[in-house]
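Given the sequences, and given the hints that come with them, work out the whole structure.
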Amino acid sequence: MEVLLFDTETNGYLEQSTELHCLVIKNVNTKETVRYNDQPGGIPLAVGLKRLEDAEIIIAHNAIEFDVPVLRKLYPNIKIDDKRVLDTLVMARLIYPDTYDKDQKLVLAGKLDKALVKRHSLKAWGQRLGEHKADYDGGFESWNLPMEDYCEQDVHTLGVLYLHLLTKQCSPSALRLEHDVRWIITRQEKFGFPFNVVKAAALYVKLSKRKIELEGACKEVFKPFYVRDGKTSEGKGSRRTQVEELGLDYKRPLYEGKGKEKKQVGYYYKTMDYTDGVPYTKVKLLEFNPGSRDHIANRLTKLFGWQPKEFTNSGKPEINETVLESLVYPQAKVLQEYFLVDKRISQLAEGNQAWLKKEKDGRLYCRLNTMGAVTSRMTHSEPNLAQVPAVKKNKNGEVLWGDEGLYGADCRELFEAPKGMVMVGADASGLELRALAGYMAKWDGGKYIITVCEGRNEDGTDIHTVNQKALGIDSRDTAKTFIYAFLYGAGDEKIGVTLYNSKGTKARRQGREAKDNFTNRIPAIGKLIQAVQKAAKKKGWIKGLDERAIPIRSAHAALNTLLQSAGAIIMKRALVILDDSLKVWWVPGVDYEFMANIHDEWQIACIPEIADEVGRLAVQAIKESGEFYDFKCPLTGEYKVGTNWKETH
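Residue numbering for the sequence shown is 0 to 648, as defined by numbering that gives the first Met the number 0.
Don't read these hints as lab results, they were simulated from the structure. Please note that a few of the clues may not be correct.
Simulated pairs of lysine to aspartate or glutamate, EDC-like, Cα-Cα distance not exceeding 20 Å [as the list claims (entries may be wrong)]:
(1) Lys49 to Asp97
(2) Lys189 to Glu381
(3) Lys198 to Glu320
(4) Lys622 to Glu431
(5) Lys493 to Asp515
(6) Lys639 to Asp590
(7) Lys117 to Glu140
(8) Lys113 to Asp134
(9) Lys78 to Asp53
(10) Lys82 to Asp100
(11) Lys533 to Glu546
(12) Lys308 to Glu320
(13) Lys30 to Asp53
(14) Lys342 to Glu381
(15) Lys582 to Asp611
(16) Lys631 to Asp461
(17) Lys542 to Asp629
(18) Lys78 to Glu151
(19) Lys631 to Glu381
(20) Lys356 to Glu381
(21) Lys122 to Glu64
(22) Lys82 to Glu600
(23) Lys301 to Glu219
Pair by pair, the computed Cβ-Cβ distance ranges are [what the hints assert, rightly or not]:
(24) Lys392 to Glu512: 49 to 59 Å
(25) Ile77 to Ala114: 53 to 63 Å
(26) Thr642 to Asp134: 43 to 53 Å
(27) Glu219 to Thr280: 48 to 58 Å
(28) Gln335 to Val586: 44 to 54 Å
(29) Gln263 to Gln386: 33 to 43 Å
(30) Thr480 to Lys110: 44 to 54 Å
C-beta atoms are modelled at their ideal positions from N, C-alpha and C, and glycine is treated no differently.
Laid out in structure tokens, this is it:
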């Protein structure tokens, strides 16, 4: 049987395509290249399509997202098994999760366009490998010879890339997993996530009104202020002038007459004397703008003596939600809410990736790069649903709405189940801590696993109370915040601020001491960190659960990289296990379909009568994923059934 490289040219993108113009196939072993088209004298497309059906393996770049789906769309009876498709886009992303450093060198050498840095397009790979992909400027409305020449050159570049990738170390298990995941996610992208436009518009109105109110409140708190208006001028010559010339608004109404006959006839201005030899600077009066970070930084420093710790690349003080939340000044609270409301408006309606702008036919068709992060975690765009705020609850478990709940519930209820279906939300329980415990088992014999899985808050044996005692602090909640900051590679100062609300040098010292105390009292964590950092320093990468190479960008990020990659691989394996289980009984896209895959969470649409079974199988898939990789810490999950995202997570 043949192993074939191929490329297609159609009359549009996948959704718009109605005609296949040409198909070019190259046999990997014989190197023979054949063109297929339905033009007079050409070899018919049907012959080429039959070769693809009969081949052992067919290879294309972006095969899963375009070439195979477009063939299935235009030729519904074509028989192509997913397992026989090798996508070099998936393969390249797996083997080269981080091309940035090498790409920069190629750019400096004039061998790679700057716009192609970190890209995995065939054009980018053609330049990297010195086999430039041809350009084609003609239209795609109908077949033409230059188009077919362009298609053949793409197949040639594809062959060079494929042979290059074959020379690199690649885990077969990881490669199969990533192909399976890409097929599922491609279905998800096509299915979309139903979005309630009517409710979204109402929320937009509500937020817009609140923003206007907050603008007024901010201007009440922060009065107009003077700023320099130009350079300092030398005082040459003594003279008298109206203050308006200096930029100061001292204009007053000028009246004539008295009593009923008094009327305004103009204005007069306060005067000021210039003194020879005395320099002066014009100033202007500014109304405070809460949307201006420069205005906020000016008022905070001038009125309260605020000393910023973080700065932008241009050297200005960093102003964001995190910075504002850390301020103790009561006046900053109104700014915090203003920033929050402004951010939600941007996400909902006014930003470039706003949900209302991206909605199409009542759904959001979000894009996922299944290996967008160097850890192999998925990344999201068009829009990024990983940034939809979470639902907040009070101590009694009641949902918080509006500002009190950071508008999380208000936003999540906009994402709904399709008509006639319900939503099943499932996620892994404590995945980061279970991953940590699993890796620590080598040094503590599974002690941390028992704490994570069996510890109880009621008797102080739960993981956060154990960590609290190891840190020697009074608050369990603070210990909970600490451990996640620690796992995500927070620096000494961040840890000091988290634990002791200290600042600057003191925060860095206290944070460093807290880390040392924590790793000394739980030695297995310290030993794990040392082992990961040692491997990263020696090779620049670590081995993932399925033998894939995970690059380490810096020593302090080594532990986080290890745990995040483990979580990503576990959830991908669980996704494939779940989908295989569901397909035994039901049809994807009809009885069920994935609508969101966000880190350790799935949102699944399904017909109502199978909802609980889908949830049960989801939890089972998470358990089986850990067993598949012989992971030391048992994994589990939980699920909820509802009609919108607020109810299911």
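Taking the hints in turn, this is what the structure says about them:
Restraint check for Lys49 and Asp97: the C-alpha separation of about 38 Å exceeds 20 Å, so the hint is violated. For the proposed pair Lys189 and Glu381, the alpha carbon gap of about 13 Å is at most 20 Å, so the pair holds. Restraint check for Lys198 and Glu320: not satisfied, since their Cα atoms lie roughly 26 Å apart, outside the 20 Å limit. Proximity of Lys622 to Glu431 is assessed by CA-CA distance (about 15 Å); at most 20 Å being required, the pair is judged to hold.
Pair hint Lys493 plus Asp515 holds up; C-alpha atoms about 15 Å apart against a cutoff of 20 Å. Taken as a hint, the Lys639 and Asp590 pair is honoured in the structure, with Cα atoms around 18 Å apart against an allowance of 20 Å. Taking the CA atoms of Lys117 and Glu140, the gap is near 31 Å; set against the 20 Å cutoff, the hint is violated. The suggested pairing of Lys113 with Asp134 holds, with an alpha-carbon distance near 17 Å, which does not exceed 20 Å.
With a C-alpha separation of about 9 Å, the suggested pairing of Lys78 with Asp53 holds against the 20 Å cut-off. With a C-alpha separation of about 33 Å, the suggested pair Lys82 and Asp100 falls outside the 20 Å cut-off, and the hint is violated. For the hint linking Lys533 to Glu546, the alpha-carbon distance of about 18 Å falls within 20 Å, and the restraint holds. At roughly 14 Å between alpha-carbon atoms, Lys308 and Glu320 fall within 20 Å of each other, so this suggested pair holds.
At most 20 Å may separate the alpha-carbon atoms for a hinted pair to count; Lys30 and Asp53 meet this at roughly 18 Å. Using a Cα cut-off of 20 Å, the hinted pair Lys342 and Glu381 holds, with the two alpha carbons roughly 17 Å apart. Restraint check for Lys582 and Asp611: satisfied, since their Cα atoms lie roughly 16 Å apart, inside the 20 Å limit. Restraint check: the Cα-Cα separation between Lys631 and Asp461 comes to about 19 Å, which is no more than 20 Å; the hinted pair holds.
Restraint check: the Cα-Cα separation between Lys542 and Asp629 comes to about 15 Å, which is no more than 20 Å; the hinted pair holds. Proposed proximity of Lys78 and Glu151 is contradicted: the alpha carbons are some 24 Å apart, above 20 Å. A distance of roughly 37 Å separates the Cα atoms of Lys631 and Glu381; the hinted pair therefore is violated under the 20 Å criterion. Among the hinted pairs, Lys356 with Glu381 is consistent with the structure: their alpha-carbon atoms are about 10 Å apart, no more than 20 Å.
Simply put, Lys122 and Glu64 have alpha-carbon atoms about 17 Å apart, close enough for the 20 Å limit, and the pair holds. Of the supplied pair hints, the one linking Lys82 and Glu600 is violated, its CA atoms being roughly 26 Å apart against a limit of 20 Å. At roughly 17 Å between alpha-carbon atoms, Lys301 and Glu219 fall within 20 Å of each other, so this suggested pair holds. For Lys392 paired with Glu512, a C-beta distance near 34 Å fails the hint of 49 to 59 Å.
Range check, Ile77 to Ala114: about 35 Å between beta-carbon atoms, so the 53 to 63 Å window is missed. Between Thr642 and Asp134 the beta carbons are some 50 Å apart, a value that agrees with the proposed interval 43 to 53 Å. A hinted range of 48 to 58 Å for the beta carbons of Glu219 and Thr280 is inconsistent with their spacing of about 29 Å. For the hinted restraint 44 to 54 Å between Gln335 and Val586, the CB-CB distance of approximately 48 Å keeps it satisfied.
Checked against the hint of 33 to 43 Å, the pair Gln263 and Gln386 fails, with Cβ atoms roughly 55 Å apart. The given range of 44 to 54 Å is respected by Thr480 and Lys110, whose C-beta atoms sit roughly 46 Å from each other.
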